[in-house]
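**Q** Could you put together the complete structure from these sequences and hints?
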Amino acid sequence: MSSSQRSNLHIKPFELLLDQTTINKRVAELGSEITRDYTGKNPLIIGVLKGCFVFMSDLIRQIKLPVEVEFVSASSYVKGSKQEKEIKFVSAVPTPLKDRHILVVEGIVDSAKTAVKIVKEFTKEEPASVEIVTLIDKPASHREKIDLKYKGFTIGNEFLIGYGLDNTQRYRNLPFIGKLVDN
715 MSSSQRSNLH
725 IKPFELLLDQ
735 TTINKRVAEL
745 GSEITRDYTG
755 KNPLIIGVLK
765 GCFVFMSDLI
775 RQIKLPVEVE
785 FVSASSYVKG
795 SKQEKEIKFV
805 SAVPTPLKDR
815 HILVVEGIVD
825 SAKTAVKIVK
835 EFTKEEPASV
845 EIVTLIDKPA
855 SHREKIDLKY
865 KGFTIGNEFL
875 IGYGLDNTQR
885 YRNLPFIGKL
895 VDN
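Just so we're aligned: the sequence shown equals residues 715 to 897 in my numbering.
Calculated from the structure, these hints are not laboratory results. Some hints here could point you the wrong way.
[What the hints assert, rightly or not] List time: in silico SDA-like cross-link candidates among lysine to any residue, alpha-carbon distance up to 20 Å:
| id | residue 1 | residue 2 |
| --- | --- | --- |
| 1 | LYS755 | LYS827 |
| 2 | LYS827 | LEU862 |
| 3 | LYS893 | ARG740 |
| 4 | LYS755 | LYS893 |
| 5 | LYS755 | GLN776 |
| 6 | LYS755 | ILE777 |
| 7 | LYS739 | ARG775 |
| 8 | LYS863 | VAL844 |
| 9 | LYS764 | GLU845 |
| 10 | LYS893 | ASP733 |
| 11 | LYS739 | ASP772 |
| 12 | LYS764 | SER843 |
| 13 | LYS831 | LEU811 |
[Said to hold, decoys possible] Taking CB as the label site, the calculated pair distances span:
| id | residue 1 | residue 2 | range |
| --- | --- | --- | --- |
| 14 | LYS863 | LYS778 | 27 to 33 Å |
| 15 | LYS834 | GLU747 | 22 to 28 Å |
| 16 | ASP896 | ALA854 | 18 to 24 Å |
| 17 | LEU894 | ALA842 | 36 to 42 Å |
For each residue, glycine too, the CB sits at the ideal point set by N, CA and C.
**A** What follows is the structure in structure tokens.
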């Protein structure tokens, strides 16, 4: 994308990290892995809004199994005087989770706090299994220990935009992933 195209879209300066072809290839690979691992298991795929929606829509089309889809919304808020963030669910999953194989789809696992909280909450409902699927893992930013069975790309501690990832609710529609850079 040229600088004049960026200017017309009012996009902040960024460095391209993952182009559309690279993303599509990896999403197809993840879909194949999930198809292999979940054949005969009737998986329930739960997306964590808003960052997952582009990735999840592409991913479920690459899974060659019947799947059920749900969404949850989680938000973080400041708790106490230490500026500690607490995760709370804004919406819950209406589908029963007991004895189901659950795949939780995240666009990005940054601090890992949301993913850990979701796994803990869903585990209370006695599913057969719960796994996280993320397009982007940022292990240098993790503040919680988490095992990610399905991850697209591992990236350093960068601020990313595009392919569902935002900066102040903008740039989710970009077909690639870029790293914001200082002017």
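**Q** For each hint, tell me whether it holds in the structure or not.
**A** Results of checking the hints against the structure:
Of the supplied pair hints, the one linking LYS755 and LYS827 is violated, its CA atoms being roughly 27 Å apart against a limit of 20 Å. Straight-line distance between C-alpha atoms of LYS827 and LEU862 comes to about 13 Å, which keeps the hinted pair within the 20 Å bound. At most 20 Å may separate the alpha-carbon atoms for a hinted pair to count; LYS893 and ARG740 meet this at roughly 19 Å. With a CA separation close to 37 Å, the supplied pair LYS755 and LYS893 exceeds the 20 Å bound.
Taking the CA atoms of LYS755 and GLN776, the gap is near 17 Å; set against the 20 Å cutoff, the hint holds. Restraint check for LYS755 and ILE777: the C-alpha separation of about 13 Å stays at or below 20 Å, so the hint holds. Between LYS739 and ARG775 the alpha-carbon distance is near 13 Å, which keeps this suggested pair within the 20 Å criterion. With a C-alpha separation of about 10 Å, the suggested pair LYS863 and VAL844 falls inside the 20 Å cut-off, and the hint holds.
Annotation: proposed proximity of LYS764 to GLU845 holds, straight-line Cα distance about 19 Å (limit 20 Å). With a CA separation close to 12 Å, the supplied pair LYS893 and ASP733 stays within the 20 Å bound. Taken as a hint, the LYS739 and ASP772 pair is honoured in the structure, with Cα atoms around 11 Å apart against an allowance of 20 Å. Of the pairs offered as hints, the one joining LYS764 and SER843 is violated, with about 23 Å between alpha carbons and a cut-off of 20 Å exceeded.
Under the criterion of a C-alpha separation no larger than 20 Å, the hint pairing LYS831 with LEU811 is consistent with the structure, at around 16 Å. The given range of 27 to 33 Å is broken by LYS863 and LYS778, whose C-beta atoms sit roughly 18 Å from each other. Separation of LYS834 from GLU747 is about 24 Å and conforms to the stated range, judged on CB atoms against 22 to 28 Å. Between ASP896 and ALA854 the CB atoms are about 19 Å apart, so this pair conforms to the stated range of 18 to 24 Å.
The beta-carbon spacing between LEU894 and ALA842, approximately 40 Å, falls within the hinted interval of 36 to 42 Å.
When the structure is compared with the earlier hints, violations turn up for hints 1, 4, 12 and 14 and for no others.
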